[in-house]
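**Q** Please build the complex by placing chains P and Z on the supplied structure of chain E, with the hints as guidance.
Residue numbers (this note's numbering), protein chains in the order written: chain E, 84 to 447; chain P, 84 to 447; chain Z, 84 to 447.
Since the hints were made in silico from the structure, they are not lab data. Do not rely on the hints blindly, as some may be mistaken.
All copies of an identical chain are treated as equivalent in the list; a pair is satisfied when it fits inside any one copy or across any two copies.
Restricting the straight-line Cα-Cα distance to at most 30 Å, the calculated cross-link-like pairs of lysine-lysine (DSSO-like) are [claimed, not checked]:
1. LYS320 to LYS250
2. LYS145 to LYS355
3. LYS272 to LYS205
4. LYS320 to LYS145
5. LYS320 to LYS272
6. LYS272 to LYS145
7. LYS205 to LYS355
8. LYS320 to LYS205
9. LYS355 to LYS272
10. LYS250 to LYS145
11. LYS320 to LYS355
The chain contents come next:
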Amino acid sequence: MNPLLTEIQHNKLFWLLVFVPVVFAAETLQHDAHTLLFILSVLAIVPLAALLSHATESVAAKTGDAVGGLLNATLGNLTELVIALTALRAGQYVLVKASLAGAIVTNTLFMLGASLLLGGLKYHVQEYNRISARMQASLLFLATVALLIPSAVSQADSVAGAAFTQKLSVGLSVLLIVAYGLGMLYSLKTHPELFASAESGEAGHTPWPMGLALATLAGVTVLVALVSEIFVESVQKAAEALGMTPAFVGFIVVALVGGAAEMASAFSGARKNRLDLSVGIALGSASQIALFVAPVLVLVSYVIGPTPMDLQFWPSAVVMMFIATMTASMVTNGGRSTWFVGVLLLMVYAIFAMTLYLLPPRVA
Amino acid sequence: MNPLLTEIQHNKLFWLLVFVPVVFAAETLQHDAHTLLFILSVLAIVPLAALLSHATESVAAKTGDAVGGLLNATLGNLTELVIALTALRAGQYVLVKASLAGAIVTNTLFMLGASLLLGGLKYHVQEYNRISARMQASLLFLATVALLIPSAVSQADSVAGAAFTQKLSVGLSVLLIVAYGLGMLYSLKTHPELFASAESGEAGHTPWPMGLALATLAGVTVLVALVSEIFVESVQKAAEALGMTPAFVGFIVVALVGGAAEMASAFSGARKNRLDLSVGIALGSASQIALFVAPVLVLVSYVIGPTPMDLQFWPSAVVMMFIATMTASMVTNGGRSTWFVGVLLLMVYAIFAMTLYLLPPRVA
Amino acid sequence: MNPLLTEIQHNKLFWLLVFVPVVFAAETLQHDAHTLLFILSVLAIVPLAALLSHATESVAAKTGDAVGGLLNATLGNLTELVIALTALRAGQYVLVKASLAGAIVTNTLFMLGASLLLGGLKYHVQEYNRISARMQASLLFLATVALLIPSAVSQADSVAGAAFTQKLSVGLSVLLIVAYGLGMLYSLKTHPELFASAESGEAGHTPWPMGLALATLAGVTVLVALVSEIFVESVQKAAEALGMTPAFVGFIVVALVGGAAEMASAFSGARKNRLDLSVGIALGSASQIALFVAPVLVLVSYVIGPTPMDLQFWPSAVVMMFIATMTASMVTNGGRSTWFVGVLLLMVYAIFAMTLYLLPPRVA
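This is chain E alone, in the form it adopts within the complex (with noise of 0.2 Å):
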């Protein structure tokens, strides 16, 4: 336990878990005030997540690159695909679908934003490995083009039904966990130099002992997937109380709190001028988002969700995941940057934002 008591103490962003028991607590006690439960879950889970961050890190760097590679891949997005199960199972697809869009937005042009932003301040030009950039944004690409065809065609054609969209959600869920699973043999078999300096455990941090560690995140995961619950209860009134949609929340906010770690290496990366680091873990998070975290849930929602999800968005966010990756693409072409070009990739994301916050709610 030393480790870990050691590092609460250092790293002031630990200070937050005084929340979970919080708001445990304070779900027991006042099961009615939304508002504020909505807000320690938020408090609550960002520490969580670093925490699981840590853990994952710290079996990544024990078990080996293969393995581990895998491990900091798939686990990356796990607190996301908690609170994403979560709201799955009590039916709230408005929520989860929000929340895939604004991961996939979010890291693409939020935390890559800040992080070139960042990086731009301390230093007048930064240059990255551009040739590995674009196979990232051409897979992000990719992935998302995959995940926007069916609204797209539905949304573009009056034939396509109901039905017609629920079987396509499935066939191109099992497609892209495939093109996932192509996707790690790629990065950890048969090219991993082309990745190399992306994905590794350097964080700095000391890695912990393998018991402590598979500890933390099983344990971790639990609280996690509880706090996720009091959040995704509270979230509609808590919304309403506000002035948020649910949209907004999902998109915004839950993207946010879910990426609150992996956003922590990549700034502290452009922060050294290691940008190679801040531009993989954007491109391939939200690559995973499309990859692997979406079909999951279509899935999985066959199972444990009270209707079968499909992977039908609302065309406003089309527009913004298929505009957010574009412009990765063409912003980590050239493999150099300033701080003006995080500038305006955190304006197109503050245009998003405000859009979303000024868009009226929603039905399904």
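**A** Just chains P and Z now, kept in the frame of chain E:
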């Protein structure tokens, strides 16, 4: 005749030529066996397309680079042109448009993706002339944009009517053919060095004597036209019987059949680590569909079609063509390729094929 | 006055200045001859725009790089801003929006394409600073995306209403102007070396004395405003008489007229093998329309317009702006250009012009 017979004996593909007389016989004897006629005609067209390809290359090799390149470029899509003209004469405009869209998408995603995959399974990383590839991808993108403007505008704007679409289609066709002519001037006259290794007759076959080649060209074209008649007549009923829509047949089947000979050259080039050839064939062939075949069909429809044909595609075709050419531009931008890039392109193609397979039939 | 008179004598363009008094006379004498007034006002604005351009460069040359660059950047689109403000005051919002969209499209396709073609007819291959071009193209793309979000979202989502679009347009305008300010800081203060040869006063004209330049700036701006009044009043009836819609007039005519002076610089740069200048002017000018002129018009409309103006464009304008900036990004990505690239850009422009010419008029 000797070189022809020697070739036929050597190349197993030409054993399929037996289906040519078979399909004519079947048409006479079993006029209503639509599914059978459909399958037989597909099997008959493939070797005919390959013969056309060899004959074209032989003529091109003899007439020198300029005219030869022109011939290769224009006659490269002869099979698709003949099939489309036959469908045009029969008034089957859905099939025609599906074939056009399908040829563009099949070349940029399937032909290119399979080439990159086949080459990538043999070579760790492959490089190709990225300046040439970029130019061709830009050309293709602009040609596709031109082709899609009538659909995008009338879809988006209710003020646009059928008369508008028709006039615009004619104007665009003229513009596109002018651009095609200028493109010939560009790639064959003023800047041939940029396209050097892409479209020459290095297919590895000994050219036939000129007389034989010309005779083969003429004769096989007639055969292709006759077989196409059978194909087009049977496609409607056969598609229903096999559970496919005419849109799917045009998009996938016709495109694959029509491009079969070119695919053989592209795949062979990739396996010999000459990706310039593969990329050039894939992108160049797709550009010709947009810049030459489609406009010619529109203009010719005023003469031989029941009613004039316009360039308005249904929305999912618009989306797919746009995504396909954008993907090709992104992917060929870097000048480097690995097996996984091919996988991604094939995955997007699989998604399109799956989508088209599941879409219910459309009217007009 | 001497340098002014010398200049006017030398440059044939300034002979068109005779139309300035002519149009005023015509307005008084022949108030209802709308078509005549329309043509005369167009002919009068062109030399006035050129005078404004010279005066701006003279002031910029005297005030040093920082303020000079700022002046060049902001006043480069002064003509378009004045025409648009006049139309705004008259409540002709279709004309205003068509002018904005048209300026973006005309700069990225026509100005850039004609420059590349003119240069390419003289030089076999031309190279330009692709890092600078990429940055400007990304900036332009992101600015255009920002400008298009209200339209894309409200078009795609029926829940968005007019109030939403209005609030969002105001918020976006503020964001865009902030981005414009940061962009000035970026290109003039922190990273001027990336934009070095793009926007300086190397137009080859001897700068005028400061007093003369400032007086010319003030005086000519007033003249442009007065001629614009006549132009805006006559455009509606003249367009009908000449068979054009106000959308076409705004998109094509106003954009070409307003950008005439800049085009002269861009073309001249291309002919001298200084494509950096041409690309910088084309992309930079288009960015300013999106980041400065459009937002200013929205905010000013709350003061001088009959009703507030929003940033919602009709669908075909959205499609065209998006395609134009994407095309510019693709084409300038490689840093090399030949005559045919210019042809392609001009072809897309011709397609847009043809489409707009054939489209029936719209309401609001």
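**Q** With reference to the structure, classify each hint as holding or not holding.
**A** Hints and how they fare:
no., hint, result
1, LYS320 to LYS250, "between (33 Å within a copy, 25 Å between copies)"
2, LYS145 to LYS355, "within (25 Å within a copy, 42 Å between copies)"
3, LYS272 to LYS205, "between (35 Å within a copy, 16 Å between copies)"
4, LYS320 to LYS145, "neither (44 Å within a copy, 62 Å between copies)"
5, LYS320 to LYS272, "neither (47 Å within a copy, 48 Å between copies)"
6, LYS272 to LYS145, "within (18 Å within a copy, 48 Å between copies)"
7, LYS205 to LYS355, "within (9 Å within a copy, 38 Å between copies)"
8, LYS320 to LYS205, "neither (42 Å within a copy, 58 Å between copies)"
9, LYS355 to LYS272, "both (28 Å within a copy, 24 Å between copies)"
10, LYS250 to LYS145, "neither (41 Å within a copy, 53 Å between copies)"
11, LYS320 to LYS355, "neither (42 Å within a copy, 63 Å between copies)"
Hint violations for this structure: numbers 4, 5, 8, 10 and 11, all remaining hints satisfied.
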